[in-house]
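Trainee: So you can see what is in the structure, the chains are spelled out below.
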Amino acid sequence: MIKEGLLYTEEHEWVSIDGETAVMGITDYAQEQLGEITFIELPTVGQKVKVHDEIGSIESSKAASDIYSPLVGEISDVNTELETQPELLNTDCYEAGWYCKLRVADENNTEDLMDASEYDEYLKGL
Amino acid sequence: MPKIKKSVLYEKHLELTDKSRLAAFAGYLMPLWYSSISDEHQAVRSAAGLFDCTHMGTWRVAGADAAEFIDLITTNRASQLAVGSAQYSYILNEAGEVLDDIIVYRRGDDDFMLVVNAANNDKIAAWLTEVPAILRQHNFTPAPDIRDLRDPKQTSDCRVDLAMQGPASEAILLSLADETVKQKIKQLEPFRFIETNVQGIDLIISRTGYTGAKVGYELFVHPDQTPRLWGLLLEKGGPLGLKPCGLGARDSLRIEAGLPLYGHELAGEYNISPFAAGYGWAVKLDKDFFIGRDRMRHESTTYKMAVQRLELPGERGVRPVRPGDAVLTNGGDCAGWVLSCAKAGKKQIALTWLARNKVKTNDSIGIYYTARNARHIQQGRKETVKKGEILDADIVGTIVERMEKF
Chain A
1 MIKEGLLYTE EHEWVSIDGE TAVMGITDYA QEQLGEITFI ELPTVGQKVK
51 VHDEIGSIES SKAASDIYSP LVGEISDVNT ELETQPELLN TDCYEAGWYC
101 KLRVADENNT EDLMDASEYD EYLKGL
Chain B
127 MPKIKKSVLY EKHLELTDKS RLAAFAGYLM PLWYSSISDE HQAVRSAAGL
177 FDCTHMGTWR VAGADAAEFI DLITTNRASQ LAVGSAQYSY ILNEAGEVLD
227 DIIVYRRGDD DFMLVVNAAN NDKIAAWLTE VPAILRQHNF TPAPDIRDLR
277 DPKQTSDCRV DLAMQGPASE AILLSLADET VKQKIKQLEP FRFIETNVQG
327 IDLIISRTGY TGAKVGYELF VHPDQTPRLW GLLLEKGGPL GLKPCGLGAR
377 DSLRIEAGLP LYGHELAGEY NISPFAAGYG WAVKLDKDFF IGRDRMRHES
427 TTYKMAVQRL ELPGERGVRP VRPGDAVLTN GGDCAGWVLS CAKAGKKQIA
477 LTWLARNKVK TNDSIGIYYT ARNARHIQQG RKETVKKGEI LDADIVGTIV
527 ERMEKF
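Going line by line, the protein sequences match chains A and B. So for the first sequence, this note's numbering puts the first residue at 1; every next one is plus one. So for the second sequence, this note's numbering puts the first residue at 127; every next one is plus one.
In isolation and in its complexed conformation, chain A is listed as follows:
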């Protein structure tokens, strides 16, 4: 399932930008590939990040996946609910399973991110 109105990365992260704040998480495709997610490593609030910086990881019993920042900015919030309920990533990856928020910098360029229909095409090509 792909949600309209979000931007997507080739590493299967989604991001939603609203003014200075961006929310990000992993896509339905990503959670489906990982299977039951049992462990999550969150970034630190205040951490400054660049595009494609490794900011954390998500693990299932069979696989581990690193999470990359889709934007330039500073981590402003993390979803600590995930530490005790990582299954939210499987059951509700676009809402309750959000991963972190970023205070985004001016120099952000979202041209490299895909919209829903581009991401759909990208998945078909995998």
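These are computed hints drawn from the structure, not numbers from a lab. Some hints could be false.
Stated by the list, open to error - The calculated DSS-like cross-link candidates involving lysine-lysine, where the alpha carbons are at most 30 Å apart (straight line), are:
| id | chain 1 | residue 1 | chain 2 | residue 2 |
| --- | --- | --- | --- | --- |
| 1 | B | K145 | A | K3 |
| 2 | A | K62 | B | K340 |
| 3 | A | K62 | A | K50 |
| 4 | B | K249 | A | K62 |
| 5 | B | K513 | B | K430 |
| 6 | B | K513 | B | K486 |
| 7 | B | K279 | A | K62 |
| 8 | B | K308 | A | K62 |
| 9 | A | K62 | B | K513 |
| 10 | B | K145 | B | K129 |
| 11 | A | K50 | B | K508 |
| 12 | A | K124 | B | K129 |
| 13 | A | K124 | B | K138 |
| 14 | B | K486 | B | K472 |
| 15 | B | K413 | B | K145 |
| 16 | B | K131 | A | K124 |
| 17 | B | K138 | A | K62 |
| 18 | A | K62 | B | K410 |
Since chain A is already given, all that's left is putting chain B on it; use the hints.
Mentor: Relative to the frame of chain A, chain B by itself:
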């Protein structure tokens, strides 16, 4: 790259799961899971699970000297098997390294079936053609008839493996069988099999498996009949809790039970022997000869590391243990490493490679997580740990009995 093969159940898998859940394993596209690994794992422990094992190799060894031949190329004693019985055994090379762990089935006085690992099938096929020359050097000249039971060009009596495992599996088989066959199924002991017919399908029903289930069967059937048998079992078994299971649950179940996987708890990086794996009983050192015997005689008294099973916390939020993670004694020194790990309910079960003189069953042990990514390395986490290094444990668990039945 050889072309990826499709299981004879490929179409059936696509009826049950998305194509993206199929992955290449031992040259075959196989399902990783249908519903979820933990759901399927639980089904086998509480009801039953059905596994596509048609990628496993099946070989017929027949003729007056078939028993002698198998005795010479395997560690266990095939010649003493009764017809209708099976045994776990090993094929070794001349250096005593494990080429595969197999099950030998005696179908008649002069008729055996060997079931080999999918990933080792081509290697074993080659070995079976090379081995007569090696035996001749030792003055043994058996010349049995050897056929690939999955190749219709070599036999009309082709056989592939389906496994149905778990407490409900007997009732499911009984629901398909007629009265006389029912009696035989009920009387079937572990490592015994019958050759019969169920719903017009010729079947070998064998009380064997790879899940640690006390009740479980492998069904050897003609590939053309396999999709029909798969469908019948799911139809009759569904109401009794039978679920189709993928490779994920196959792995987590065998780990939970303590069963070795070739390349992980056998042979592999540490060249693990049958003795170190906990299966010395399947190596008959008193046989006059078998390939690799001298090495096994030495190994039986000198092995210093062994496979041990650990129980660890595994609630959500606990980082999964991975192969290569260090196992620490109470004092914090590294006594060995994780070979395989799986989640079983709220626990993790790990199979590990540990120094025999350092730890014993019921000891408390620690796990040090090795670095999973570049960020961990920057934070100072080690990528590999040497034996004897002293570290702080990330989580603590216990050494439990080497095997467990469910």
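Trainee: All hints, please: hold or fail.
Mentor: Hint-by-hint comparison with the structure:
1. For a cut-off of 30 Å, the pair hint linking K145/B to K3/A stands: about 22 Å separates their Cα positions.
2. For the hint linking K62/A to K340/B, the alpha-carbon distance of about 26 Å falls within 30 Å, and the restraint holds.
3. At roughly 29 Å between alpha-carbon atoms, K62/A and K50/A fall within 30 Å of each other, so this suggested pair holds.
4. Using a Cα cut-off of 30 Å, the hinted pair K249/B and K62/A holds, with the two alpha carbons roughly 27 Å apart.
5. Restraint check for K513/B and K430/B: satisfied, since their Cα atoms lie roughly 13 Å apart, inside the 30 Å limit.
6. Of the supplied pair hints, the one linking K513/B and K486/B holds, its CA atoms being roughly 17 Å apart against a limit of 30 Å.
7. Between K279/B and K62/A the alpha-carbon distance is near 38 Å, which puts this suggested pair outside the 30 Å criterion.
8. For the suggested pair K308/B and K62/A, the alpha carbons sit about 39 Å apart, so the restraint of at most 30 Å is broken.
9. In summary, the hint linking K62/A to K513/B is supported, as the alpha carbons are separated by about 26 Å, within the 30 Å threshold.
10. Distance restraint check for K145/B and K129/B: the Cα-Cα separation of roughly 17 Å lies within the 30 Å cut-off, and the hinted pair is therefore satisfied.
11. With a CA separation close to 25 Å, the supplied pair K50/A and K508/B stays within the 30 Å bound.
12. Proposed proximity of K124/A and K129/B is supported: the alpha carbons are some 22 Å apart, at most 30 Å.
13. This hinted pair checks out: K124/A and K138/B have alpha carbons roughly 23 Å apart, not beyond 30 Å.
14. Under the criterion of a C-alpha separation no larger than 30 Å, the hint pairing K486/B with K472/B is consistent with the structure, at around 24 Å.
15. Between K413/B and K145/B, the direct Cα distance comes to roughly 49 Å. Violation of the 30 Å bound is thereby established for this hinted pair.
16. Taken as a hint, the K131/B and K124/A pair is honoured in the structure, with Cα atoms around 22 Å apart against an allowance of 30 Å.
17. Our distance criterion of 30 Å between C-alpha atoms is met by K138/B and K62/A, whose separation comes to about 24 Å.
18. Between K62/A and K410/B, the direct Cα distance comes to roughly 37 Å. Violation of the 30 Å bound is thereby established for this hinted pair.
The structure is inconsistent with the numbered hints 7, 8, 15, 18, although it conforms to all the rest.
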